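*Asks:* Each chain, letter by letter, is given below.
2 protein chains.
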Amino acid sequence: MNERPLILVSNDDGYQAKGINCLVSVLREFGDVVVVAPHIGRSGKGCGITSEVPVKLTKISSEEGLEIYSCTGTPCDCVKIACHAVVPRRPSLVVGGINHGDNSAVNAHYSGTMGVVLEGCMKGIPSIAFSLCSHDADADFTPTYDVIRKVVAQVLERGLPAGSCLNVNFPNSPSYAGVRVCRQAAGTWVNEWEAHIHPRGGEWWWLTGEFAVEDKDPQADRVALDSNYVAITPTTIDFTDYRLLKEMQEWEL
Amino acid sequence: MNERPLILVSNDDGYQAKGINCLVSVLREFGDVVVVAPHIGRSGKGCGITSEVPVKLTKISSEEGLEIYSCTGTPCDCVKIACHAVVPRRPSLVVGGINHGDNSAVNAHYSGTMGVVLEGCMKGIPSIAFSLCSHDADADFTPTYDVIRKVVAQVLERGLPAGSCLNVNFPNSPSYAGVRVCRQAAGTWVNEWEAHIHPRGGEWWWLTGEFAVEDKDPQADRVALDSNYVAITPTTIDFTDYRLLKEMQEWEL
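For the record, the sequence lines run as chains V and B. Following our numbering, the numbering of the first sequence begins with 1 at its first residue and continues without gaps. Following our numbering, the numbering of the second sequence begins with 1001 at its first residue and continues without gaps.
Since the hints were made in silico from the structure, they are not lab data. All values derive from a computational prediction rather than experimental measurement. Incorrect hints may have been included.
As the list claims (entries may be wrong) - In silico contact screen, one side only, chain V against chain B (beta carbon under 8 Å); selected entries:
hint: 1; residue: T50
hint: 2; residue: I60
hint: 3; residue: K80
hint: 4; residue: I81
hint: 5; residue: L156
hint: 6; residue: E192
We put the CB at the ideal spot given by N, CA and C, even for glycine.
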């Protein structure tokens, strides 16, 4: 058996988004690709799962080395159902993206692209998220390809530690100052809601806001992006706070 | 000014769930309570947010020391909109729960109750999630009250480090072997999908499955729960993998 690596791809912008199709074109250089992605945009779903309604899985297309499915579930659901009902063998890699928008700093918590990758990681498969800091549906993803190739090649060769995955964010720029391995930047969303009046009366609220970076460390992912570096943030599914765990031994409980 | 602490409460089972109402009854001993919780059950929403439709906020009731609102958004949205448009002053505490169901191990990633608490933490407010390992809508929450009182009192007195919050899970038991400060247990979901045929044909998939614990460490939260201990898992919003960050300095990127 001399099988090519199998690469499972999903995203949160839907299977028709430009970002995922660009990603697939690069990943096909490395192996056979199976796409199982949301049937519509499912941005901001984090690690959400669908427990109260069933989901539908639809085969969209099939050609040598590439199968594409859509799923009515969340990004996490897509990885779960792909592993259960779609992939012909265990994937060597789960890849999320390329997201249309920034997933650095705490935004990783809200991100469906990171949902894909955390789910892949929970299943013990090396997993990588790629995101471009542009919400433009027709953004130019070609500048990202070289770094994607390098990261994918390294992960296929080296693997990743159990419970660890990568969150890669690209500045929206035709070329980069370099690649930086980063930590998650501190920051918070402010001015998050805008009230609108419904045509028939009553207030409805739109989630909006600005992200306030509270970090100046050049190794913080959002700061690196602002200096035109590609930011690679190694991420763990174990979010135990081990320092606080130690301190709490003194608490009276 | 000698104001009582303000405690913001939310959940993912909806404002009418028994768990949140039991929680509120205990928290009123400590301060004024504002509830902003989903109008219906929103389990499994993780840190999901609502960006594609506006959300509605509805005042349900108001009495001395207790205001209750429902919101059509996710658990995270509830905390966001509460902080923006509801609370009369900065909350001293954000509390999520009491969840009807286990949120230990990697389930914390899928949990809307943890979404509440991670969001509170992102806003710099000490935040605590409480969950009972029972999905029964009429579960008995009274055994949890003493530990809830102790944890809330300690957090109000000591605070929590910036970026840290607590994930507290209770065994479904009338009394406990003790309280243990834990780390997140390793484990994974298996047999996750069940295919059903729609009355008009076509396959639909229900998310189900069993959680396989891959941990024997008595300090792992799921293991502690199985030994009838209350498990308190200190949790960080910074899920950078600092060990991998160091190793990756050697990668060719």
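*Asks:* State for each hint whether it applies.
*Replies:* Now for the hints, and whether the structure bears them out:
Checking T50 of chain V against chain B: minimum C-beta separation of about 6 Å stays under 8 Å; hint holds. For I60 of chain V, the interface hint is violated, since its Cβ never comes within 8 Å of a Cβ in chain B; the closest pair sits about 15 Å apart. Among the interface hints, the one on K80 of chain V holds; its C-beta lies about 5 Å from the nearest C-beta in chain B, closer than the 8 Å criterion. Because the closest C-beta pair between I81 of chain V and chain B is about 6 Å apart, less than 8 Å, the hint holds.
For the restraint placing L156 of chain V at the interface with chain B, the shortest Cβ-Cβ distance is roughly 13 Å, beyond the 8 Å limit, so the hint is violated. Of the supplied interface hints, the one on E192 of chain V holds, with its beta-carbon coming within about 5 Å of a beta-carbon of chain B, less than 8 Å.
Consistency note: the structure conflicts with the earlier hints numbered 2 and 5.
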